[in-house]
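Chains as they are written, first to last, in this note's numbering: chain A, -6 to 407; chain B, 10 to 308.
Keep in mind the hints are simulated off the structure, nothing from the lab. Ideal placement from N, C-alpha and C gives every residue a C-beta, glycine not left out. Any given hint could be a false lead.
[Unchecked claim] Below, a sample of chain B positions facing chain A; criterion: calculated Cβ distance under 8 Å: (1) D28; (2) V136; (3) D202; (4) T278.
[Claimed, not checked] Derived, one-sided and incomplete: chain A residues facing chain B with beta-carbon distance under 8 Å: (5) D23; (6) D217; (7) M243; (8) T244.
The residues making up each chain are set out below.
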Amino acid sequence: MKTFRKTMTCLLSTFALFLCFSSAGYTKVDGDTILLGAAVSLTGKYSTNGKHTKNGYDLAVKLINDRGGVKVKGKKYKLAIKYYDDESNSSRAKELAERLIKQDNIKFLLGPYSSGLTKAMAPIIDAAGIPMVEANGASRSLFTKGYKYLFAVLSAANQYLESAIDLAAEKAKESGKKPSQVKVALAFEQDPFSLDVRLGVVEAAKRHGMKIVVDGKLPKALNDMSAILAKVKALRPDVLVVSGHSKGAMTAIKQIQEMKVDIPLLAMTHCDAAKINKKLGGGGEYTLCAAQWHKSLSYKDSYFGNGMDYAKRFEKVYKYDPPYQSAESSAALLVWKSAFERSNSFDTKKLRDALSKTNMQTFYGNIRFGKTGQNIAKPMVLFQVQNGKNAVVAPTEWASSKLIWPAPKWSERK
Amino acid sequence: MDLMIFTTAPWLNVQAIFDGIMIGAVFSLIAYGMALIWGVMKIINVCQGEYVILGGYITFYLYNTYGINPLYTIPAASLFVFLVSFAIYKLVIVKVIERDLFVSILATFGLSIIIQQLMNTIFGADVEVAQSGLGTEFLFDNMVTVPVTRVFSLIIAVLVAAIVVIFMHYSKLGRAIRATSQNKRAAKVLGVDTDKVYGYTYAINGAICGVAGSLVAMTFTLHPYIGLPYTIRSFMIVITAGLGNFAAIITSGMGLGILEQYADYIIGTQFRIGFVFLLLVFIIIWRSRKLLKKREYLK
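Just chain B, same shape as in the assembly (with noise of 0.2 Å):
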């Protein structure tokens, strides 16, 4: 325990605060895509984590091999990571889409291991980086540091999170994507292709891990095998928000972050993923605690 430093340090309280809302609205936008699926297709993308990653390395590619600024490169990172979802989404999920749910949980489970395992061979095994060379803000005296590429970062989070929403809200496709996950039955019925919405469904969700990659190569470091944690995060956070509630993805997104943030200020960076499983564990009691009482209201 070391809570200790929040007094000796006062400023630290804020670099957590800052650094939670930053990295947290990228793990909203990570959750977003999986909320997105899991609400119209009714699959937990265990790969999700690893679309990201592949997503950071199309940006470390561009950036390593044209020397092309890594701010540049997002939109190539998010259609790369779009047709490839939706390659896999031809090749592997179509088949598993009606099935149970434990069903297309191992098929992605399956998936990201070949996707890490793919990843290891074309970019090896190497830790890499994409510098975006914007630099650093100092605040208080140089005691808080607010790196450019994580303001940055913040910035395109939400503006692709207000772009998503406005798509889902006023394009056709949008529409029938929500019509679908409202109810597949009716909007068979009413002359949705619904098969077509999955698809793109799967694909818009890559196209929005490739954003989320690019970020993390930017702000962050890659490895093949660091996707894991980005899976459970979103997971995590879909839980506590549900499904379809964008508002909520994005608080429970930056209360992650800033949550995270202190538990490695003062439980120590040791035990900071094993803090998000714990913080799960108690969502998932308290959620099925809560719909109990509404059980038990309803009789």
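If we strip away everything but chain A, and leave its shape as in the complex, we get (with noise of 0.2 Å):
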């Protein structure tokens, strides 16, 4: 038995050396691959969304490499993407972006899903000077450290709502109140993306006057925010927002339809994701929801086309409408070709500074990167529910439709 353990250990442990130095002759570029790396939530809370993320890093690859692949120095090089599941856990992402970084040896990163688990990461690449293109962080805190490595596609959590307010302030003036007679109610979720973009909704408030009658915090693990509905229908203000992830969308939209609480203005952020007007059989209509993209917008570019032609062929993959953390995922990758393509090497520092340099339509968006690494190209998109379908209202001059305010009170809805 002794012999035997000892024979184990001997083999294992050689074992686990071999694994140490194979590890790392991996290079970034390999043959005439290109090896990108990216931690993504497969399980835990944020499974939903971080496969969302997957597909849409898997979407582009597939159409890049199908287009021919990438072209550095005369050469074309075919893309992929080295994934580590981060179990929805920011400390766990912080050791898959050494791990990517020091073990991997990987020298091209993309995001990880959500704005925390983007927050572990970003110290790590930007002291190893690693260059990431992420598209599902948008807290603002991201792009206030001075980060000279990281480049969102995304607009800053901040912009989210910000736009619901200007509109309430517009709905005021139209019918002949004045924007700061408006009442405000705010619930939001304690985590760095929701207070982020609550710190828009109150800047934009206070740029209109506007009184804020209720500012409801939801911790994360909770499903029940009847309470501070209650205190809504009390102080009947005219505007509601919301911010939780889907699980504060979902418990809002669900309570407020049980409670009957009516609100000329109701705006949330992950609306879409959750897909919570058919699940709760019509109780989602006419609210606003906050998002970075919509299939209808006519942004245009050479691989995807537009967002329907977008929209068309992730469908035909996947099977379900791409969301809009699946497009701006895509939207990473042709930032990346582009960055490789202009900066026509694999040396990080001059891909970093191709990157900065970035200039272009994508079927998602502009994208324009500021000093801080956020895209300042891009604004939000509002869309209203309306019959069930998410009718774009807001930024004017891409809309589709128009805004229903105030909402029908809940004993006029069928």
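Combine both chains into one complex, guided by the hints.
Structure, rendered in structure tokens:
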């Protein structure tokens, strides 16, 4: 028995040593393949959106490879992605960032899902000087720390629902009220993303001189917000703004419907990803949802065509309508491709400089990075659920439908 | 602090108490299950909340795939979690039951992670809900809302509790369970098959959680990782009420429900779960002081 154990220990440690050395030999460009790295939430609480992210990445990789790949120094390279599962856990994401950079020796990174996980990885990649193009971390704090190697294709979180407040002010003026008479109620989860959204909303409300009458904060592990809604019912605000990922959106709409809370303008984040309206049998009607992208927008590129083309292609492969999380993830790969070709090199420094000079239009929107790595060329989209469909109502130059305001009272709905 | 809200809108008191009683009933049910296995098997079941959510997912599954009204899925959810927890008893619990309390806490904690992840894999990480379609009633000029689903939950919770109490007092197995809880060795000597009693006790708790889960699926929302607050709440109720005192469990369950609602209104929703934890700490201190006093008296 003892000898058997010894042999096993010996064998196992040899194997472990072998693994250590073999991974060091792994390089970023292997033959004719450029290897990108990504930690994505395949399990844990973000696994739905993690999957959307991965699908977006995979769809773009396949399309770019089918169209001849990426041309660097006259040679054509295929793209490939090395994935790890970060288990929706930020300390795991941190470990994986180290692992991708130090063990797997990967020099080009794609982002994880959610601001929290991106925030965990950002200091590591920045210290190592490895560029990352991320598509799912919108927290403002990602762009205030002076990271030089982090680039985000999406709009920052504080922009998410600002326009909803502006819209409320506009409507107040139309109906002969002053914007400063508008009463606002807030219900926000206590996570970095939602708090940033809140920041933008509070700033916008201040700008219009609006009064915040309810300022509800939701803890992460709660599926009941009836107390906040009872307050809303008592104080009758003109606008209710909710942000708390899919769980917050779902809980809010369910309980608003149940308690028949009448709000002229209800705006929230993440209502697209949760497909709430369908699940709640029409309870989400007239809700305004903030989105990074919508397929009816008319931006275009030479790979995916416009939004509708992208949606068709996506649905053919994955059998569901692309949420914006997938669209922005696909856009991240278009950015990488363009950066490789413009810098014509695999040097991370040169690539970083090329990335910072990105100025392109994709099906997802215009992409131009500001000094802090944030995309400053793309506005947020607001759509309203009308007859069970998402109708884009803001920004007005892209809008295909008109806002229904005020939302009919529950007693008047069928 | 938001005390003013109660003066501007006094009906909110009624709302808070209503909501508190209705959700408190569901908490009491879950807590009763926990007290049962704690008392009989000396195990603190950390995966209690996960059983609840699992029951909820069964309701959701039947509702979503076959379009069955969630009201009718309660027996199925209950039976399913009964079977699952019986299997878990045979596989895991049986090995930790005579061991240190700490071992069983660790084991059930591990189980809770496994169940969470399995639910996540099978049902997905989306937030789900089963609509009962029962509508809403209004009181006091539409200001107090009473979702009929919550009233229904209250009724079912009371009904199930009554069934369990009758079962415990009058059935043979129920008596065996109580005997084992009072004195295991004596029960064994008198011919009670304590292993069987343990298995059934654990599974009955599962059945109770299954019912509670169905109610949660109808009244709130479901997510694979939302089980822990239910475990904490039931732990707290049991600590306050003590083991085996059914009336005390109901009162402290509803009391917790009402306190939680008030905490939500006054100090804010963000501190609601935190408030439950804080209350737990106070109750533990209070109880230990009470015990200390008793000891002094004995001296």
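(request) Check each numbered hint from earlier against the structure, then list the numbers of those it violates in ascending order. (result) 3 and 5
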